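Q: Each chain, written out:
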Amino acid sequence: MENLSVSQLAAGLDHGEFSSVELTRHFLHRMQAHGELNAFITEMDESAIVQARRADQLIKEKKHGPLTGIPLAHKDIFCMDGTRTSCGSRMLDQFVAPYDATVVQKLGQAGCVVLGKTNMDEFAMGSSNENSYFGPVKNPWNPGHVPGGSSGGSAAAVAARLVPLATGTDTGGSIRQPAALCGITGLKPTYGRVSRYGMIAYASSLDQAGPLAKSAQDCAYLLQAMAGFDSRDSTSMDEPVPAYTQALDQPLQGRVIGIPDEYFGAGLKPEVQDIMAQAIDWAEGQGCIIQPIRLPNTELAIPAYYVIATAECSSNLSRFDGIRFGHRCKAPKDLHDLYRRSRSEGFGTEVKRRIMIGTYALSAGYYDAYYLKAQQIRRLISTDFSKAFETVDFILGPTAPEPAFRIGEKTDDPVTMYLSDIYTISVNLAGLPAISVPCGMHEGLPVGMQLIGNYLTEDRLLNFAHQYQLATDWHRQCPPGFAQGSVDE
Amino acid sequence: MSISLEEVLNISHLARLHVDEEQARQYAADLSKILAWVQQMNQVDTREVVPMAHPLDVVQRLREDKVTETDQREKFQTIAPRTDKGLYLVPKVIE
Numbered sequence: 001m002e003n004l005s006v007s008q009l010a011a012g013l014d015h016g017e018f019s020s021v022e023l024t025r026h027f028l029h030r031m032q033a034h035g036e037l038n039a040f041i042t043e044m045d046e047s048a049i050v051q052a053r054r055a056d057q058l059i060k061e062k063k064h065g066p067l068t069g070i071p072l073a074h075k076d077i078f079c080m081d082g083t084r085t086s087c088g089s090r091m092l093d094q095f096v097a098p099y100d101a102t103v104v105q106k107l108g109q110a111g112c113v114v115l116g117k118t119n120m121d122e123f124a125m126g127s128s129n130e131n132s133y134f135g136p137v138k139n140p141w142n143p144g145h146v147p148g149g150s151s152g153g154s155a156a157a158v159a160a161r162l163v164p165l166a167t168g169t170d171t172g173g174s175i176r177q178p179a180a181l182c183g184i185t186g187l188k189p190t191y192g193r194v195s196r197y198g199m200i201a202y203a204s205s206l207d208q209a210g211p212l213a214k215s216a217q218d219c220a221y222l223l224q225a226m227a228g229f230d231s232r233d234s235t236s237m238d239e240p241v242p243a244y245t246q247a248l249d250q251p252l253q254g255r256v257i258g259i260p261d262e263y264f265g266a267g268l269k270p271e272v273q274d275i276m277a278q279a280i281d282w283a284e285g286q287g288c289i290i291q292p293i294r295l296p297n298t299e300l301a302i303p304a305y306y307v308i309a310t311a312e313c314s315s316n317l318s319r320f321d322g323i324r325f326g327h328r329c330k331a332p333k334d335l336h337d338l339y340r341r342s343r344s345e346g347f348g349t350e351v352k353r354r355i356m357i358g359t360y361a362l363s364a365g366y367y368d369a370y371y372l373k374a375q376q377i378r379r380l381i382s383t384d385f386s387k388a389f390e391t392v393d394f395i396l397g398p399t400a401p402e403p404a405f406r407i408g409e410k411t412d413d414p415v416t417m418y419l420s421d422i423y424t425i426s427v428n429l430a431g432l433p434a435i436s437v438p439c440g441m442h443e444g445l446p447v448g449m450q451l452i453g454n455y456l457t458e459d460r461l462l463n464f465a466h467q468y469q470l471a472t473d474w475h476r477q478c479p480p481g482f483a484q485g486s487v488d489e
Numbered sequence: 490m491s492i493s494l495e496e497v498l499n500i501s502h503l504a505r506l507h508v509d510e511e512q513a514r515q516y517a518a519d520l521s522k523i524l525a526w527v528q529q530m531n532q533v534d535t536r537e538v539v540p541m542a543h544p545l546d547v548v549q550r551l552r553e554d555k556v557t558e559t560d561q562r563e564k565f566q567t568i569a570p571r572t573d574k575g576l577y578l579v580p581k582v583i584e
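Sequence order for the protein chains is D and R. Note that the numbering used here gives residue 434 to position 434 of the first sequence, counting from 1, and the numbers run on in steps of one. Note that the numbering used here gives residue 564 to position 75 of the second sequence, counting from 1, and the numbers run on in steps of one.
Just chain R, same shape as in the assembly (with noise of 0.2 Å):
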């Protein structure tokens, strides 16, 4: 299994993370040895296996549908990097 210079960096664009040329080529290999090592699982047939996606066979749990968060933009926006007026600042989207 081997992962190319080009496949890691559409990756790293989906995943959001900047990787340079000489990273790119690191993760190359790495994720090229992970995904080898990965690929044992293929000795084991499991064509007839239902998928286990979560521990517990659970159904998710519904509640009243009530109000019981309050709001707490203020608070929130204390730790966010940039706010104005209750708004979170980002860099210019639309020209």
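Just chain D, with the same shape it has in the complex (with noise of 0.2 Å):
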């Protein structure tokens, strides 16, 4: 059952070969069984079974749409109303959202079973799920290395079979990362696709939420039900939502795909380049163009975003404060006393570090030199994009410039973990839509390629991976110990 496409468990339900009810507990028992992935945060067996209970019904009585009864798990970064929402931290240990995120919301609507609230780099802040407060995420296919980050959990969740769709955020990278190292498919869209009400904010220029799935196929299901506009966001866009399982199918032929020359340097490790090197052999033989293109500012991209990123957030995560919700200190001197204390107490290592770095950027004197300068890089990065795609219809690289790395291998050092996101960060600074595909493997370590679009292309960044995930057979592959029969069923 955990290795059936989305289509074929709606198929499943449909024809009544299992219930939502079956299906859901199943899904719960794979979740029981291998906690010692770290991979939820919050488990929901009840709810989801009462959830479950209603999409049979649903799917009886004909009312149902194609995610009706399919269990799903959320990034604990999504408020759900009545239920903990912690976003990885201390701070928000005991926070009970009084709402529902719009993308709660619309999945609620959709359907879809929530079986638990999955594990995450604390406020999304990480490369490696190290940064949670609740510990960190094992990679399924070696549980010495990290699942990436932040969505981590997500997709940790979705590898190891324990739920078929997750969702995740992508501040920079954090969907397409943790994807890659982990062997799934992750898609971030473009910025304003999907609302960002209801989900816990990072930096919010930069953030946007998108599915994690096992295949193109599936993030094309769940984005259907995600993406739209929402008054509720300020940042959302108001264009239609096309259909995105009715794209998959056409032809790649004639499309030009751009190779930049900045994604195949010195960072990236050759065995990744080989595997990059088969995929785009792939693309040539479905008639796609392949050319050389340059995107001269991305090593920038890295230094501008932790920047701006830190400077959004110093000033997002300046409402915890110990009064209105969240972790409050214990006897309080005074209100300063109560504010430093409960925001010390209640954030982690590398929260306080961006918090730090952010208020310095934008504190007087220096707003110039930092903030300013970083939101110019960001402009170049942005019209690199813009000139490639006026001759190019995708943009191909790896995702990470190596495949997972140990736990613990970076965390003495941020700039080397920052270091880590350099060809997905440039994408959230522009604000592109960009698909992580498995492609390949390296000392029993998935590979990610990622395939970059122009403004509200996810149509044809699925149709792309679809294609290629109809030839070859990388999104197939379970991590050992995780496939049928080895879980007592």
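The set of hints was computed from the structure by calculation and includes no laboratory data. Bear in mind that the values here come from a model prediction, so they are computed numbers and not experimental data. Please note: incorrect hints may appear among the correct ones.
Now the stretches of chain D that chain R is said to cover, found in silico as 3 or more residues with beta-carbon under 8 Å [what the hints assert, rightly or not]: (1) 234-246; (2) 301-308.
Label-pair distances were calculated between CB atoms; the ranges are [claimed, not checked]: (3) R:503 <-> D:443: 43 to 53 Å; (4) R:533 <-> D:324: 39 to 49 Å; (5) R:503 <-> D:234: 22 to 32 Å; (6) R:542 <-> D:277: 35 to 45 Å; (7) R:557 <-> D:277: 52 to 62 Å; (8) R:562 <-> D:26: 39 to 49 Å; (9) D:271 <-> R:534: 30 to 40 Å.
If the Cβ cut is set under 7 Å, some of the chain R residues that face chain D in the computed set are [to be verified]: (10) 506; (11) 527; (12) 529; (13) 539; (14) 564; (15) 577; (16) 580; (17) 582.
Heads up, the beta-carbon is just placed ideally off N, CA and C, and yes, glycines get one too.
Fit chain to chain and form the complex, with the hints in mind.
A: Pasting the structure below:
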């Protein structure tokens, strides 16, 4: 059951081969049997069964859609009415959200069954899931390695077949990088395509929610239900949502694919480069035109990102004051002591570090040298992309410079950790959509390729990824120990 | 680029974070390193470049001046650390 696609699961439900309650129990059982991955912060078995019963009733009455009764997990960054929403932080350890995020609401209306909330780097700040208050997530392919981050719990849960679908958010690569490191498919939509309402903010001009699943086709189903205009998000795009699942079968003949020099430079592991070469060969075999391009400001994207993201985070996280919600210190001496100790106790090391950098960058006398400069670099990066898209349809390269690294390997040096996002970060600065697709293995760990498209071309990205997945089976690989029969059922 | 202990304490005050002396030394080292690395942005001349604050150069939408939110004070205060008679409680501010 756990290896079936969303459309196969829907067909099974439709034909009465199994009920949503049975499906839900099956995945809840797998979740509980694989607690060692630490992929979940909150398991929601009771409410899931209630939702599954409701879904079964809708299916019986023929009032169902393509996702009715399909189990899924939400990254613990999405507010869910009446449910603890921790954002991976001690600050929100006891926080029960008083309303639903738009994404949660839309997927609830689509009939999805929520199995739980997934583990993540605290406030989505991290590339390895080691920054969670609830402990690191393990990579299902090798428990000594990280799953990537910050949507590491969602990626690990999908890769280990604990859940067929999961939501994630991507501020600098937080959907694509864990998808690559766990061997699954993850899409970061165009900025504004999916509502940010009820999604706990990290860096608001970069944050975007998207789907994680085994395949591009499954991502298409999930994105279809997530995307769309929302008046409650002031940066939501008021553009029609195309039928993503209907665009999957177009031929790729004649599509122009740009290969940026800068994505194949010194930092890239040679074995990953070889795997990319095979993917490029495949695209050429499909009649795509391969064209070298330049994105000259790529290297500057990381420093620009770390100024912009930390500046926005220092402002966004000022709402955590120990007064209205979240952690409050014991016996505060005065108001100032209440703010300082509540925040210092509630936030973890990396979050505090980023608040400090952001505060510095925005402070009097330094604004022009850091924040303004970073915004100008952001413009250059965005212009590089728009120039490239004058002649190409897609930009293709690796999602990450290497497969999953070991837990603890990069925790001592924040700059080394930041560099693992080199290929994903510029996409957020420009606000473009991009997808990560599994395309090979190295030493037992998955490698992902990233395909970047122009604004609102999610349909074309999914189309390319689906065609690739029809021809290859990297997305079908299941980590050993999680394949059928490995769980006592 | 080197950040002094004094600067760290000033930033921690602005950020409303409590930092002890040992942590301040660690922050000074970390922040100096990160900011030195960020300086590579200066390789590029950006004098003529218009800063980009947001990926979509859009105008803020306006909506009709109509009440859409209902009063949910009670619900929202159930998650507050300390409240009394509909008010949020904080330590005494004025003696």
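Q: The structure should be examined with respect to each hint, and the outcome stated for every one.
A: Consistency of the hints with the structure:
For the region 234-246 of chain D, the stated coverage by chain R holds: 3 residues have a C-beta nearer than 8 Å to a C-beta of that chain, and at least 3 were required. As drawn, the region 301-308 of chain D meets chain R at 4 residues by the rule of a beta-carbon pair under 8 Å; at three or more, the given contact holds. Look at residue 503 (chain R) against residue 443 (chain D): about 46 Å separates their beta carbons, and that is inside 43 to 53 Å. Taking 39 to 49 Å as the suggested C-beta distance range, the pair residue 533 (chain R) and residue 324 (chain D) conforms, at roughly 42 Å.
For residue 503 (chain R) paired with residue 234 (chain D), a C-beta distance near 27 Å keeps the hint of 22 to 32 Å intact. Taken as a hint, the range 35 to 45 Å holds for the pair residue 542 (chain R) and residue 277 (chain D), whose Cβ atoms sit roughly 38 Å apart. Hint check: residue 557 (chain R) to residue 277 (chain D), Cβ distance near 54 Å, so the stated range 52 to 62 Å holds. Distance hint check for residue 562 (chain R) and residue 26 (chain D): the Cβ-Cβ separation is about 43 Å, which falls inside the suggested range of 39 to 49 Å.
Against the hinted window of 30 to 40 Å, the Cβ-Cβ separation of residue 271 (chain D) and residue 534 (chain R) comes to about 38 Å, which satisfies the hint. Proximity of residue 506 (chain R) to chain D holds as hinted, the smallest CB-CB distance being about 5 Å (cut-off 7 Å). Taking 7 Å as the C-beta contact cut-off toward chain D, the hint placing residue 527 (chain R) at the interface holds, the least distance being around 4 Å. Nearest Cβ of chain D to the Cβ of residue 529 (chain R): about 6 Å, under the 7 Å cut. The hint holds.
For the restraint placing residue 539 (chain R) at the interface with chain D, the shortest Cβ-Cβ distance is roughly 6 Å, inside the 7 Å limit, so the hint holds. For residue 564 (chain R), the shortest C-beta to C-beta distance to chain D is roughly 5 Å, which falls under 7 Å, so the interface hint holds. Taking 7 Å as the C-beta cut-off, the interface hint given for residue 577 (chain R) holds, the closest approach to chain D being about 5 Å. Because the beta carbon of residue 580 (chain R) sits about 5 Å from the nearest beta carbon in chain D, less than 7 Å, this interface hint is met.
Interface restraint check: residue 582 (chain R) against chain D, minimum CB-CB distance 6 Å, threshold 7 Å, status holds.
Of the hints listed earlier, there is not a single one the structure fails to meet.
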